[in-house]
Amino acid sequence: MTNSDIYILSGIYIMKLKRIKKSTDNDFHQAWELYNDAFPLEERRTLDGQKRVLKRSNYHFEILIDHNQFIGFILWWDLEIYRYIDHFATSKSIRNKGFGKLILNTFINNDDKSILLEVELPASTIDQRRINFYERLGFKLNLHDYKVPSSVDNRKIDLLVMSYPEAISKETLNRFVINNHPIIFNS
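Counting with our numbering, you get residues 1 to 187 for the letters of the sequence shown.
Derived lysine-lysine pairs resembling DSS-like cross-links, with alpha carbons at most 25 angstroms apart: (1) Lys16 <-> Lys55; (2) Lys22 <-> Lys51; (3) Lys18 <-> Lys101; (4) Lys113 <-> Lys21; (5) Lys55 <-> Lys18; (6) Lys140 <-> Lys170; (7) Lys170 <-> Lys147.
Bear in mind the hints are in silico, worked out from the structure with no lab data behind them. These numbers were taken from a predicted model, which means no experiment stands behind them.
Whole structure, please, built from the sequences with the hints as guidance.
Structure below.
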């Protein structure tokens with residue numbers, strides 16, 4: 001998923017995947033609006049922070065286009081051992097129509113590296129539905145203590161990590177944090 005324009009085919013369905021490398025790209029604005037709408041303030045980068053990570057060769061800001069209409073994005077890091085999904089969202093108008101499943105199945109099948117992503121603790125029905133969605137795709141919920149830095153203050157945010165294709169140990173998660181959090185959260 002590293003080319004500038006990739007087409008996702010599922011049966012006869014075709015969707016365009018486009019990597020954004022600069023915030024001045026014409027398609028960045030819609031994705032940025034969805035990003036700000038879909039994630040809590042403390043889990044988002046500032047615009048300046050996003051501009052910095054866009055310069056990193058191992059960071060991918062990829063938008064999805066269906067019939068010339070923006071439908072979502074997947075923001076991810078290509079790390080040494082893992083692909084780490086930083087943020088993933090689809091437009092409200094296409095949710096619950098199978099697009100998320102199609103996008104993530106394509107992402108899963110694109111590389112043999114294991115995948116990690118974060119989810120909020122299952123404190124609400126929506127949080128639990130999100131976990132269930134990822135589990136239906138084969139992700140495993142790891143119930144290890146896991147915290148990430150807030151983007152707005154010095155607090156730590158409690159989250160859970162989901163992994164694909166296998167669950168990971170607490171020790172493996174700790175190594176991931178030591179080796180990769182400085183890259184992900186200090187960029």
